[in-house]
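Chemist: One-letter residues, chain by chain:
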Amino acid sequence: MLPSILYTLNFNIMKAIIYSLALASLFLVSCGTGDKTKTPSNNIDSDGAVTTAGSEAKATIKQIFAAYFDLKNALAQDNSPSAADAAKQVIGAMSGLDKGSLSKEQAIVFNDIYDDAKGHAEHVAENGGNLAHQREHFETLSEEMVELAEVTPGEKLYLDHCPMFNDGKGANWLSESKAISNPYLGKSMPTCGTVKKEIN
Amino acid sequence: MSRKKTILLTLAAMLISFQFYPLVYNDDKRVTSVHFTRVYAVPEKVQAILKNSCYNCHSNSTKYPWYAYVQPAGWFLASHIKEGKSELNLSEFGGYSPRRQKSKLKNMAGSVRDGSMPISSYTMIGRNARLRESGKKILLDWLNTTRQALTK
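Heads up: the sequence lines are chains B and E, in that order. All residue numbers for the first sequence refer to our numbering, where the first residue is 1 and numbers rise by one. All residue numbers for the second sequence refer to our numbering, where the first residue is 1001 and numbers rise by one.
Since the hints were derived computationally from the structure, they do not count as laboratory data. Being a predicted model, the structure only gives us computed values, none of them experimental. Every residue, glycine too, gets a C-beta built ideally from N, C-alpha and C. Among the hints, erroneous ones may be present.
Derived DSS-like pairs: lysine-lysine, alpha-carbon spacing no greater than 30 Å straight-line [claimed, not checked]: (1) K169/B <-> K1063/E; (2) K1102/E <-> K104/B; (3) K1063/E <-> K1106/E; (4) K99/B <-> K1045/E; (5) K118/B <-> K1051/E; (6) K1045/E <-> K62/B; (7) K1063/E <-> K1051/E; (8) K104/B <-> K187/B; (9) K1137/E <-> K58/B; (10) K169/B <-> K104/B; (11) K169/B <-> K1137/E; (12) K1106/E <-> K62/B; (13) K1045/E <-> K169/B; (14) K196/B <-> K1051/E; (15) K99/B <-> K1136/E; (16) K62/B <-> K196/B; (17) K1045/E <-> K118/B; (18) K1102/E <-> K197/B; (19) K118/B <-> K1136/E.
Rough simulated footprint, nothing fancy, chain B against chain E, three-plus residues with beta-carbon under 8 Å [stated by the list, open to error]: (20) 1088-1100; (21) 1104-1118.
Only some residues are given here: those of chain B computed to face chain E with a beta carbon under 10 Å [what the hints assert, rightly or not]: (22) S103; (23) E136; (24) E144.
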């Protein structure tokens, strides 16, 4: 009976059925071990959380920037997996921040950027192997890090600009050193870019 | 031969038993004030594209194909939709912070431009959801103008 039905159905539907059967065979395995989980959910939790018990916000902010610079340097080296790792560190440091010890101005900026920045860092973390996608999210994350840097005095930082990224629309990034090391173009054009501004 | 029969029978039995696990369908048709089309003035052409290529996984209202009511195909779709909505839910777009909204517009454009969306595992089965070059351009132009207007 089943084959005769199959013949009357069109190609797309056939495909769906093949998918179903393929899935069914997967379930065969999982049912055998008594596992009845239906849909695997892959909520990404920020591992690599930084312990901040007792330490003040300043130290955590330093960690956020340190992780961001690791990310930036990994992208400049075209190293997608370590960019993903560094992005996890960014998320860990950001979620470990004790917001209570921020100044009012800092809290406003941090709360404003937090969910978005975390979202972008998550994309970088989940896309090891896809440098283009990582860089797209790194761009917005960078804008947000600049805003954070402007309200959190610390070591001297450089706001760099790459005029070529995004089909000539350009993009900014934040650097801990004066020498240009371009995270958007990586090894193909490592020194493309200029220092736009010094922060702190 | 009999071994083959056993396997086929087992599979058939499993497929039947799967049908007893019901699914909660993603089928809330309400268009509230936080819906994408209420947050922005979306031209009809763009709305048609969103409806055709995006809403099924990125809104609270999925237009299900018949096989969604057959398991395990329905489960497969459900996990897709869950993932899609966690990334971008156009039914609740107004619930994102203004900054997040702007980011989402940017990344929508990025995904459409590089062709990662609509996702290929979806367009393989749902062929109608494919974006043609003309539709892609209309959507991209609108997304970019809208985002630029927000920056000013």
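Chemist: Each hint: holds or not?
Modeler: Evaluation of the provided hints:
Simply put, K169/B and K1063/E have alpha-carbon atoms about 38 Å apart, too far for the 30 Å limit, and the pair is violated. For the given pair, K1102/E sits about 25 Å from K104/B by alpha-carbon distance, which is consistent with the 30 Å threshold. Between K1063/E and K1106/E the CA atoms are separated by roughly 26 Å; this keeps the pair inside 30 Å, and the hint holds. The hinted pair formed by K99/B and K1045/E fails the criterion: a straight-line CA distance of about 45 Å is larger than 30 Å.
As the CA atoms of K118/B and K1051/E are separated by approximately 29 Å, the hinted pair is consistent with the 30 Å bound. Taken as a hint, the K1045/E and K62/B pair is broken in the structure, with Cα atoms around 48 Å apart against an allowance of 30 Å. As the CA atoms of K1063/E and K1051/E are separated by approximately 9 Å, the hinted pair is consistent with the 30 Å bound. A C-alpha spacing of about 41 Å is found between K104/B and K187/B, which places the hinted pair above 30 Å, so the restraint is violated.
Distance restraint check for K1137/E and K58/B: the Cα-Cα separation of roughly 46 Å exceeds the 30 Å cut-off, and the hinted pair is therefore not satisfied. Among the hinted pairs, K169/B with K104/B is inconsistent with the structure: their alpha-carbon atoms are about 34 Å apart, more than 30 Å. This hinted pair checks out: K169/B and K1137/E have alpha carbons roughly 18 Å apart, not beyond 30 Å. This hinted pair checks out: K1106/E and K62/B have alpha carbons roughly 28 Å apart, not beyond 30 Å.
The straight-line distance between the Cα atoms of K1045/E and K169/B is roughly 27 Å, inside the 30 Å bound, and the hint therefore holds. Restraint check for K196/B and K1051/E: the C-alpha separation of about 42 Å exceeds 30 Å, so the hint is violated. Taking the CA atoms of K99/B and K1136/E, the gap is near 42 Å; set against the 30 Å cutoff, the hint is violated. For the hint linking K62/B to K196/B, the alpha-carbon distance of about 22 Å falls within 30 Å, and the restraint holds.
With a CA separation close to 33 Å, the supplied pair K1045/E and K118/B exceeds the 30 Å bound. Only pairs whose Cα atoms come within 30 Å are accepted, and K1102/E paired with K197/B is accepted, the gap being roughly 25 Å. For the hint pairing K118/B with K1136/E, the CA-to-CA distance comes to about 28 Å; that is within 30 Å, so the pair holds. Residue count for the stretch 1088-1100 of chain E with a Cβ under 8 Å from a Cβ of chain B: 3. That meets the three needed, and the coverage hint holds.
Given as covered by chain B, the stretch 1104-1118 of chain E passes the check, having 5 residues with a CB less than 8 Å from a CB of that chain where 3 are the minimum. Interface restraint check: S103/B against chain E, minimum CB-CB distance 20 Å, threshold 10 Å, status violated. For E136/B, the shortest C-beta to C-beta distance to chain E is roughly 5 Å, which falls under 10 Å, so the interface hint holds. The beta carbon of E144/B is positioned within 10 Å of a beta carbon in chain E (closest approach about 8 Å), and the interface hint is therefore held.
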